[in-house]
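> Both chains are given apart, each in its own frame, so use the hints to dock them into the complex.
Residues per chain, in single letters:
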Amino acid sequence: MLSPKAEQLIEEYLNLPFSEVPGVRCPYYINTRAKQRAQLRVLIGKGLPQEIIEEAKIISIQYHHGIFDCEGKCLLNKIPNYDSVNPPAKCIKKFLVDNNLGIDCSGFVSHVLREHFKETRKIDIVNKFFFVPIKNSVRYFISWLRPIENMSVKHYASDKNTKKIESINDITPGDLMIMLETGPQKNRNHIILITDNDNQVIKYAHARAWSMEGQYDHGVARGEIRIIKPGEPLLNQEWVEFGTINENNETYQEAKNAKVFEIRRIKF
Amino acid sequence: MMSFLPFSPNLLQQALLYAILAAIGAFILAPVLVRFLLKFKITRSAEYDFTLKGGERLFKVGTPIMGGLLVIIVVTTITLLFNWERSYTYVPIGVMGISAFLGAADDLLNIFGKKRRNRTLPMTLTLIRVHKKWYVRLWYILTLPWVIFQRSTAVLGSHPGKGVLVHEKLLLQFLAGAITAWWIYFKLGNQWHTLWIPFDGFVSLSWWIIPLVIFLVMFTANAVNIADGLDGLAGGSLLITFAGLTAISWIEGRAAFTLLNATVMGALIAYTYFNVKPARFQMGDVGTLGLGALLAINVMAINKTILLPILGFIFYIEALSVILQVFCRRFLGRRLFKMSPLHHHFEFKGWSEEKIVMRFWLVHFFFILIAIWLAMN
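Taken in order, these protein sequences are the chains called Z and P. Per my numbering, the first sequence runs over residues 1 to 268. Per my numbering, the second sequence runs over residues 1 to 377.
Isolated chain P (complex conformation) (with noise of 0.2 Å):
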């Protein structure tokens, strides 16, 4: 691996200049993406968006989605060509590529995916009691415990019915985050076995980062999901988080990941001038996933995993209020936010959708400038 000092000259240009390869590629394949997307009519429907507002958001109508192909294909490729570090890069492109995968299977099964029929925990009770035949009665009894799995995550669901379901995508999320933690507990070295704590140095965790990593990979990635919600809101969000990471990377003189980073913090600039309202394409799943799996890992990855809220605070902050809006309808029986995520309280709050995004990527700012403070410490 190449090896730099922290705030190395040399180390920066390489990153600005992988950035600026990352942004040209991306804005030369943007418009083929764009005439696939719409030839192969991957495109967004009104049929299962709730959150398409009638008149104001009925537009959106028809705009292609999986934009975050863009992003995936043009990471992955620099990185296979210049950047392919075995020690280093190919378990977050790897990772990247599982949970982007998933997405795109997401993505695909919403839009061309029949409806598919789930047994009910009740119709599995009552089929193992009445079935005539005693092989399918055990049968069911033996998969009982999958159909409580799956059931009991059918209330995380936006949408359930059609598309990947809740607990394949939790089993796929569960195994990226697996792979993750084996890599960073086992191949990284016992440098990552600590956690790093601003001005106070380390805590060790043994094993235990084990389920953190797991966690957290899930969670950032679910989260990255949760705040594509408008035009520009999750691009921008990541492309400033990257800009962050990148910054912190050189910082810390982890070469690879600098490069990573810059690759990606240029792929997004690209992206997110297609994005911004009226959006050219919107990033799916396939890239909010992708794209939140590695920023889980790129962070843990330079072992500032205690940053990881902050850099990605907006991402957070948006999952918290999905979470906490839950609870509050499920328990309370009230509202807590008029919707969530939270970029649709605002919504209906009278906000338009500019306004939103902006100020969300100003706060969001702010705190990667409150992180970047921080791993300096």
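Extracted from the complex, chain Z is given alone in its bound form (with noise of 0.2 Å):
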């Protein structure tokens, strides 16, 4: 298991803790394609669920929204009848999605990790992370001022970070699977952290966007592997997430269609 903080930490991913609306699952929101500089890390898919919890409502109250009042209470609650027709938890997901606020893989793994080695090792991660040589001195700072934000999937796949796990029977919690160009276009690159492993089944959670989900239905989510043949990789062994299997699984889809999959360690 990763430490109780960590765990917690999911938990709030999964049921962002706003007042009196329960079950918001926080979306997935990545830059790549609004592609915003300089922003508040909120708003670029690296924020903490309390930040987007009071992002969401400022935004609310400052264009008029009507979703939270300015104490933060829901407003949509007030609303008679209104569960009947779209729940509070649902339109408060479509707000955060229409408003670019979410978490994406990396943020998300950055700090569940954060949490998880804070608790267990006593170290901040951050600041022993390599991401650039200090010779880049701008990048070096950029880095050193905004690390969280800075934390790819590719410094996550760097030698100079992680190891490379070789057997799925060395798996713990902390652990990392990574998939580098994977998609459709072989473009974009996952990062999944593993939260449990009894040998028999392996628990893992991210933050993904199936396709199948839709426009607002994505988001931080929970999966296992069954470990159906041991002694053999990953990728034959049960995948099951939202009571999809295998092939009907996007996450092992894209593990399957990753150019480079691999187990790593943080070496720290």
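No lab work stands behind these hints: they were computed from the structure. Treat each hint with caution, since some may be false.
Straight line, CA to CA, 30 Å or less: simulated DSSO-like cross-link-like pairs of lysine-lysine [claimed, not checked]:
1) Z/K256 to Z/K160
2) Z/K229 to Z/K164
3) P/K114 to Z/K35
4) Z/K154 to Z/K267
5) Z/K267 to Z/K5
6) Z/K35 to Z/K135
7) P/K338 to Z/K118
8) Z/K35 to Z/K186
9) Z/K5 to Z/K73
10) Z/K135 to Z/K118
11) Z/K73 to P/K338
12) Z/K90 to P/K338
13) Z/K135 to Z/K154
14) Z/K164 to Z/K128
15) Z/K154 to Z/K186
16) P/K162 to Z/K35
17) P/K277 to P/K338
18) Z/K73 to P/K277
19) Z/K73 to P/K355
20) Z/K203 to Z/K160
21) Z/K94 to Z/K186
22) P/K338 to P/K349
23) Z/K94 to P/K338
24) Z/K90 to P/K349
25) Z/K35 to P/K338
26) Z/K256 to Z/K35
27) Z/K118 to Z/K163
28) Z/K163 to Z/K135
29) P/K338 to Z/K5
30) P/K115 to Z/K35
31) P/K349 to Z/K94
32) Z/K267 to Z/K229
33) Z/K163 to Z/K267
34) Z/K163 to Z/K128
35) Z/K5 to P/K349
36) P/K349 to Z/K73
And the structure:
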């Protein structure tokens, strides 16, 4: 298992702690299309749950969306018979997606791992992480100022930060499944955080947007890999997520289509 | 110039008379101004005003702006008629006029102007490469530094597109600052080349006083502008500041400035009366930029420059909150305040408008007391 605080953080992403409105799953958002620069980290898919909630409230009040009042209370609950038409959680999720509030895969992994290592090893991984050589001074300085925003999948795939795990028997909570050059156009990377392994089931969590979930239903999710063929690679096992198995499971498809698919462990 | 000794009862008597005269004039003029602003629809609209919170502040839509004209007109008229000293009052009034003119242009363009198109830097670079006429390409090359300046200042603007653009504002404010610096350095005498330090005498700044004056005039004018976000906040705080400044000028025995500050104070009494919630009008850039510049000049002209951040405490804190927020947002990717300037942060925390304004007034008043005490040392 991951540390209690890391597990709690995953739970907060799965169920954003909006007061009075349970069941809002943090959506997936990646900044590659909008390419916002020098922006708040919460607006580029790198925010903590609390920051996402704060920003949602601020945007709602600032632009008169009428979802929250100035004390942060949800106004949707006050509309009579509102639940039957559109549950507040669904409306808030749509609002988050429409306003580019969410988390991307590396942002999610970075925040959770940071909590995990802080609690278990008393270290802050951002201080140990290798971003760029110091001779690239501008980039180095930017990474020092905004570490979480600069921890990309490629950085996690680098031998300077992680080492490869060869056997699935060695997988432990906190390890990472890294997929490079995946997707239909082989142009995206993905990272998944392993949360538990009892040698029969490997549990994981990640932030992702499956095409079958449409425009608004994506977000942070949990899944598991059932070890049905011990000793064989992960791709030969049974991947289960949201009731879908292997070929119907888009996470499995991503792993299968990736040019590089590796299990890696943080070095420090 | 009339000369008075420090703590002169005669000067105080005159100052109070000017304040009363200005207050009466402003009270008479205010309803006329409100009618004028309403008639020409110089009112607040929600289109570019992101601070108008749904429900709670929507009633502010339609409130006349440019109410600051009241103070500008009254102060200018009374000073021209009764306190016109070429050595002392013409530059403060002139610089206030330039800043107020800039603010008025901004206010009017924000209401009646069209959205202004700006050539971006990448667009300019592309045109330099691809435009078919060589002389147009040359023109773009020659004006490239201007475009870079224009674009680099755009990040400072809150709602770029309409009104006076940031780079234009900065240039005009620089002009106002430069005039003040010229006046202080070349006209007021050697005594003003030094910086008064409480308890410690003077520090010679020589020509360094010039950039300092320019910076302070620009910064203070913008700081007052930033604080003008809640009903009564800028007006009430300016009233307290100019009351304190009147006291300090009187203590110092600087007659022209005592009378000028008292006049502003009197006009601000009437302005604030009409500006407290629910406001009959709002100050607008015409008032904030004009009075902000005047505040900076009047403090520097009585050689109490070091007290400016204390005399304008709330304005400086508000401006600082914006600077810190932008810094944290751009460099650290996080918000320091829920929203800047600081008064919006408290609004988001659930404080009522009245509570914020009154607490800010009280804090400001406390710092004015400190400034007066320091000025006497």
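> It remains to establish, for every hint, whether it holds in the given structure.
Here is what the structure says about each hint:
1. Of the supplied pair hints, the one linking Z/K256 and Z/K160 holds, its CA atoms being roughly 25 Å apart against a limit of 30 Å.
2. A hinted pair counts as satisfied when its Cα atoms are at most 30 Å apart, and Z/K229 with Z/K164 qualifies at roughly 21 Å.
3. Taking the CA atoms of P/K114 and Z/K35, the gap is about 29 Å. The hint holds against a cut of 30 Å.
4. For the given pair, Z/K154 sits about 15 Å from Z/K267 by alpha-carbon distance, which is consistent with the 30 Å threshold.
5. With a C-alpha separation of about 21 Å, the suggested pairing of Z/K267 with Z/K5 holds against the 30 Å cut-off.
6. Straight-line distance between C-alpha atoms of Z/K35 and Z/K135 comes to about 26 Å, which keeps the hinted pair within the 30 Å bound.
7. At most 30 Å may separate the alpha-carbon atoms for a hinted pair to count; P/K338 and Z/K118 meet this at roughly 27 Å.
8. A threshold of 30 Å between alpha carbons decides the hint, and for Z/K35 with Z/K186 the separation of about 20 Å falls inside it, so the pair holds.
9. For the hint linking Z/K5 to Z/K73, the alpha-carbon distance of about 26 Å falls within 30 Å, and the restraint holds.
10. Straight-line distance between C-alpha atoms of Z/K135 and Z/K118 comes to about 29 Å, which keeps the hinted pair within the 30 Å bound.
11. Under the criterion of a C-alpha separation no larger than 30 Å, the hint pairing Z/K73 with P/K338 is consistent with the structure, at around 16 Å.
12. As the CA atoms of Z/K90 and P/K338 are separated by approximately 25 Å, the hinted pair is consistent with the 30 Å bound.
13. Annotation: proposed proximity of Z/K135 to Z/K154 holds, straight-line Cα distance about 20 Å (limit 30 Å).
14. Distance restraint check for Z/K164 and Z/K128: the Cα-Cα separation of roughly 18 Å lies within the 30 Å cut-off, and the hinted pair is therefore satisfied.
15. With a C-alpha separation of about 14 Å, the suggested pairing of Z/K154 with Z/K186 holds against the 30 Å cut-off.
16. Of the pairs offered as hints, the one joining P/K162 and Z/K35 holds, with about 25 Å between alpha carbons and a cut-off of 30 Å not exceeded.
17. Under the criterion of a C-alpha separation no larger than 30 Å, the hint pairing P/K277 with P/K338 is consistent with the structure, at around 23 Å.
18. At most 30 Å may separate the alpha-carbon atoms for a hinted pair to count; Z/K73 and P/K277 meet this at roughly 25 Å.
19. Only pairs whose Cα atoms come within 30 Å are accepted, and Z/K73 paired with P/K355 is accepted, the gap being roughly 21 Å.
20. A hinted pair counts as satisfied when its Cα atoms are at most 30 Å apart, and Z/K203 with Z/K160 qualifies at roughly 26 Å.
21. Distance hint between Z/K94 and Z/K186 is fulfilled; the C-alpha atoms sit about 28 Å from each other, no more than 30 Å.
22. Annotation: proposed proximity of P/K338 to P/K349 holds, straight-line Cα distance about 8 Å (limit 30 Å).
23. At most 30 Å may separate the alpha-carbon atoms for a hinted pair to count; Z/K94 and P/K338 meet this at roughly 23 Å.
24. Distance restraint check for Z/K90 and P/K349: the Cα-Cα separation of roughly 26 Å lies within the 30 Å cut-off, and the hinted pair is therefore satisfied.
25. Using a Cα cut-off of 30 Å, the hinted pair Z/K35 and P/K338 holds, with the two alpha carbons roughly 24 Å apart.
26. At most 30 Å may separate the alpha-carbon atoms for a hinted pair to count; Z/K256 and Z/K35 meet this at roughly 28 Å.
27. Between the alpha carbons of Z/K118 and Z/K163 the distance comes to roughly 20 Å, so the proposed pair stays at or under 30 Å and holds.
28. Between the alpha carbons of Z/K163 and Z/K135 the distance comes to roughly 24 Å, so the proposed pair stays at or under 30 Å and holds.
29. Restraint check: the Cα-Cα separation between P/K338 and Z/K5 comes to about 26 Å, which is no more than 30 Å; the hinted pair holds.
30. With a C-alpha separation of about 25 Å, the suggested pairing of P/K115 with Z/K35 holds against the 30 Å cut-off.
31. With a C-alpha separation of about 25 Å, the suggested pair P/K349 and Z/K94 falls inside the 30 Å cut-off, and the hint holds.
32. The suggested pairing of Z/K267 with Z/K229 holds, with an alpha-carbon distance near 28 Å, which does not exceed 30 Å.
33. The suggested pairing of Z/K163 with Z/K267 holds, with an alpha-carbon distance near 6 Å, which does not exceed 30 Å.
34. The suggested pairing of Z/K163 with Z/K128 holds, with an alpha-carbon distance near 14 Å, which does not exceed 30 Å.
35. Annotation: proposed proximity of Z/K5 to P/K349 holds, straight-line Cα distance about 28 Å (limit 30 Å).
36. Taking the CA atoms of P/K349 and Z/K73, the gap is near 12 Å; set against the 30 Å cutoff, the hint holds.
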